[in-house]
Every structure is written in C-alpha cells, then in structure tokens.
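**Student:** So the chains spell out like this:
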Amino acid sequence: MSSDRILNFAIRFGFLILLAGLVLYFSVFANGFASPRSAVFILQSVAITGILALGVTCTLVVDGFDLSIGSVATSALMLSAYAMVVLELSAGMAILMCLLMGAGVGLVNGLLIVKFKVPDLLATLGMMFLLIGLQRIPTQGNSIATGMALPDGSTAEGSFSPAFLWFGRERLDLVLENLLPVPVVVFLVIAVAIWVFLDFTRHGRLMYAIGSNQKAAALVGAPVSRNKIAAYMISGVMASIGGILLAARLGRGDIASGTNLLLDSVAAALIGFAVLGAARPNAFGTAIGALFVGILLQGLTMMNAPYYTQDFVKGAVLVIALVFTFYLSSRRGAGAG
Amino acid sequence: MMRRTLLRLSGAALAVLPALPAAAEMPAPFDAPGEVKIALVRYLSTGDFFQSYLAGVEAQSEALGLDLRVLDSRQDAALQADMVDQAIALGVDGIIIQHGLTESMKEAAQRAVEAGIEVVAFDVDVENDAIPQIEQSDYLLGKLALDQAMADHGDAFTAGYVYVPGIAPLDRRDVAWKEVKEANPGITEAAQFGTLDNPIANSVANQARSVLQANPTIEVMFAPYDEFAKGVKIAVDEAGLSQDIDIYSADISTADIAAMREPDSAWVATVATNPAVVGEVSVRTLAMMLAGEEVEASVVVPPTLITQSLLNEEDIKNIEELGAKMPQFRHADVSMTDWMPLPPR
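Taken in order, these protein sequences are the chains called A and B. Under UniProt numbering, the residues of the first sequence are numbered 1 to 337, in order. Under UniProt numbering, the residues of the second sequence are numbered 1 to 345, in order.
Simulated from the structure, these hints should not be mistaken for laboratory data. Hints should not be assumed to be uniformly reliable.
Think about it this way: if two alpha-carbon atoms lie no more than 20 Å apart in a straight line, the pair counts; the simulated EDC-like pairs of lysine to aspartate or glutamate are [as the list claims (entries may be wrong)]:
1. B:Lys181 to B:Asp129
2. B:Lys317 to A:Glu88
3. B:Lys37 to B:Asp85
4. B:Lys37 to B:Asp76
5. B:Lys317 to A:Asp63
6. B:Lys181 to B:Asp147
7. B:Lys325 to B:Glu313
8. A:Lys314 to B:Asp197
9. B:Lys106 to B:Asp129
10. B:Lys143 to B:Asp155
11. B:Lys178 to B:Glu219
12. B:Lys317 to A:Glu157
Listed next, the stretches of chain B that the computed footprint assigns to chain A, with coverage defined by at least 3 CB atoms under 8 Å from CB atoms of chain A [claimed, not checked]:
13. 199 to 210
14. 252 to 266
15. 315 to 323
Think of the CB as a built atom: it goes at the ideal place given N, C-alpha and C, for glycine as much as any other residue.
Input sequences plus hints: build the corresponding full structure.
**Tutor:** Put into structure tokens, the structure is as follows:
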C-alpha cells in the first residue's frame, strides 16, 4: 500500500522535484545562475524550440509525428529574410507569408497522411528534405543579408524592418528594466493557448480521442481526417512562428537545415510525457520539458562544460524521462488494476 | 545526377565562349579554348564560403577557357573518392579536390596522378608529392585577429574563447590561440564554449549569454569563425554589454559586414581570405601545372585584416565593395604568370 503511494508520488512529482533540485544545484555551484536575468535568458534559449515542441505535441496527440518542423522553421527564416531584403516587403507581409507557408506545409502534410495514406513519419520526412532544398533555390544556396549580390547582378537593397526585429530583440520592462524578451512572451502565450486548446476545448479532447483510438473515434462520428489535418497545420504554423522569431533574433536569413531544432523540440515534447505522470503528450509537460533541457544546458555552460557533455546530458534526461513514462506508468497501471 | 551533370556541362560550354579572344597569347594547352577539361571534386558545398569558392573556380576557369565539371559529393567521403574515378573516366586533364578526408582521398588521388592527370588539393592533405596543397592559412587567420586584439587591449586581458575541437580549420586557428596564451601569461581564458548545432549563431548566442553572466570580467571574445562571432554579438547585445566587450573573429560575408557596422557593434575586427580568390588560385595553380610550369608544394593564400573602423571610414557595405576598396582582398598575387588571364573585375 505505502510503496504504491511512493511510486505514485514519484511518477507524479519526480520530474518536477528533479527540476527543482537542478535549479538549486546550479544556484549554488554556477556563478551568476541565481538571478532574474539568468532565469529570463534560460527562458529565451528555450523559447524557439519550445514553440516548435508545442507544435509537435499537437501532432503527437493525434498519434502522428511531424519531422518537418525544423525545416519549416528554417524555411520561414529564409522566407521572411527573402520577403524583406530581396522583395522589400513590409514586416507584416513577411510575417503573413511565413504563417501561410507554415499552414500550407501543414495542410500538405495532413493531406498526404489522411488522403494519400502515406505513413506520417515518411510523409513529413519527405517534406523535410523538400523544404531544405526549396529554401535554398531562390538564393542559390546563399544566406540572405542586406547588400548581398543578386543573381541579376544588382544588390539587395531591402533590410529587416525594426518592427520585425522587435519580435526577436525587444525586451519589455517587468520589475527590472529591459527584462523580458518578446520571444519569451510569445512562447508563454502559445504554451497557455495550446494547453487550453488541448485540455479544455471540445476540439482538443477530440484530438486526444482520435490519438488513443482512431477507429472508435470515427465510429462515434468524430471528423477524424479534419482533426488530423488541423493538428499538422497547427504544427506547421507553430514552426513558422519559431522561424520568424529566429529570423528576428539573427537579423539575417541563415542557411540551416533545422535538424537540431527538430531534435531538441522532439526531445522536449517526449520529456513532457513524464511531467506529472501524464504518460501522454501534453502542453504543460512540453513547456516544462523544454525548460528542463534549457536549465541543464545553460547551467552546464556556466560551469564551462564542453559541448559534447551537453549532448550526453540531453540524451540522459530523455532516457530517464522515457523510463518514467513507459516503465513506471505501466507498473502503476498494473497496481491499480 | 545525370541531369545535373548535363546542366553543368551546357553551362560550362556557354561559359567558355566569352574567353575566346584572350586565348591566342596563352601557352599550350590553353591556346585551344574549350579543349582543356578540368573537374572540381567537392566534399563540402553548403554555405556561403563554399558557394563563393565555387564562384571563384568558375570565374577563373571561364577566363582560361576551361571546360569545368563540378562533381559534388555532399559530405559523402566514399562518393567523393568514386567521383575522382568518374573524373578519370571522363578524361579530364586536371582535377581540383576540394576538402575531404585524407583516408578516403589518398588512393583516389594517386590513381588520378597515375592516369597522367594533374591534381591540386584545397584544404585536404592527400599525402602525395605530385599534388600541391592550396591553403587559406587558418593559422594566420587566428594569429592576425589575436595580434589586433593585443594591439587594442595590450598583453593582459580576460578572454572568452569559442571553439569546437575536431574541425580541421578551427583546430589550426586554435594553435594560434594556444601560442598567444602561452607567450602572454597576462591573457586569461575565463571560459571556453562553442557548438555547431545549427542555426549555429542562435545556439552560440544562447551559450554566450550564460558565459557572460557567469564571467562578468570578460573584455575580449575570440570567436575565430564568423558564425560564432555573430552568435556572441547577439548575446553581447542582449546583455547590453556592447560597449564593454570586443569581439575578434575570422571569415567575412556581406551579412558580417552589416553586423560589424551596426552602431556600437562589439564586433571590432575579423581576418579573412576571400573564398572566391582561393577558388581562383586553385584553378590558376592547376593551369600552371597543365602548362608544364613549376608549382610550390604548398600554395598559401594570405589573409587580410578587416577592422570595424576601416569598414566605417571607407563606407563598405558588402563583399564586392570590400574587394573594390581593398585590392589585397579581391586578388591574391599567388600562382600568377605573365600569360595568366584574370576574371573580369
């Protein structure tokens, strides 16, 4: 009886306790870790992968997977740079184009999976390669920056508008002056929005139902196809928002495959399974998962740990989280039954 | 693959035409334009540096009236070796090996030499006396940047260092940093960090924020790769320290020039070799060998120091203007002969 209770407690709060322990450890041993500014830049370092991870979470909820988010993000990065620097469009237009591109990619992913019955991993894998190539075609593989030479011999005259850069660089006053970066605000707003959507709206619950048993959901009349496509479209839009924030922070259109963005955000979403013993994709867990990885990496960097130990630690956290999710939760299930 | 080769072929054939008039004064085999075939066998191709290098190779080949074929293995070491054999089968007269691994390329390069083909190698050591090495001196890139840091800050300062071991050019730049640290005990390395997770600038910015927070005494950041420098600059700006920290780096691009010229930019100097010039030198060295002239075993393209104040004084906004205002950046007087035609400037 009491061992059951300990197990339950460990499953529910183990990860959060680990997180608190980590914060305590770094506060004592890493110089400068315990300050509001540190807290903010840790949030900033996870904001972009966190937003992508929230998108992935939506596809995981419908029992799908989206491998294309990383390349959607870098495509949005290139597209926004192209729109402003080469086509000399306004910030609003650039953002609109990126969001439409993200939604469009999500729609195609969804249609491939639902209508053409392509398995989700394969469809989004194809999309990933397609986008990595596509984003480089307009500039022939070059990064985009003001003053770059164009294929017709002229130079690009446009520039990133201040309104656009505001999204990546502005810091709002909160208690301290210039404390809170806009990407963090965007991340928090999206996290709450996705959490409310998945847990408290009819659509969100329908998505969970489809994810746990698609046939049953279809038999009771749920629009399975439409909800699945919607999940991929949310994922695409989230990824393009991540790309916009990335572009605004970098201030140029960098060539990048986005593979690391993909891996980091998937890791965050999977770690999220373990938070509060949910054992399923959930928005709150994903946000905590992203934060967990961010705290670890920033703390280790402050202690001068080299980059390969950081990859190792990321992997270790993921493995532990998966053990929490799959082993302990199944034992709890058995105990309760 | 087939279609791409065909496209490249037709492109190369077109490119040959404008060079016709100059051909008369050139020695054999260049007196018959379009007759000499060379192949560029690439290992790395993604990114501004490699794009620009290719542009240099294409421009110099066009000036010489060469029929250039580009074989791109996209970081597949085995495929790159196969592509050398493919080039041999195509009957090319010369091969430029661009990057790659010593282990996989050594034998393939030897086969090409045995087939009577002239070979040069850029930034890869194929351990062959018949094959000259084209290098942009990474050691000098690091050294010149650090000399500038010491000119600005004296021989005692606290530095942060961005480095990822195991990447050949970064390792060679690291040698310069180790030497300078050894020779100047007043220079302390407060932190070393770095990552190649892409987008690199974004990942490095996240790390640099932590490092700056943990080490408030840092006044110099040595980031000998422009993506690193860009990331450090983002972190310095976000921490509001752009007045207090100076960034020294290596490499340059149009985007880098813009970043260095931002008001109050912490990025004060970089050292760079123009990748297009390295491409041109690779082709010129190969051409000299084809014309039967002597070539040094190691051909080094010297780097140029580019400071923020120089960019501001000359009002330089992109790479093209940099080349126009700094002739030493646009053209390296390496592998030059009387008859060598240069690409139009």
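**Student:** Of all the hints numbered above, which does this structure not satisfy? Sort the numbers upward.
**Tutor:** Hints 1, 4 and 5 not satisfied by this model.
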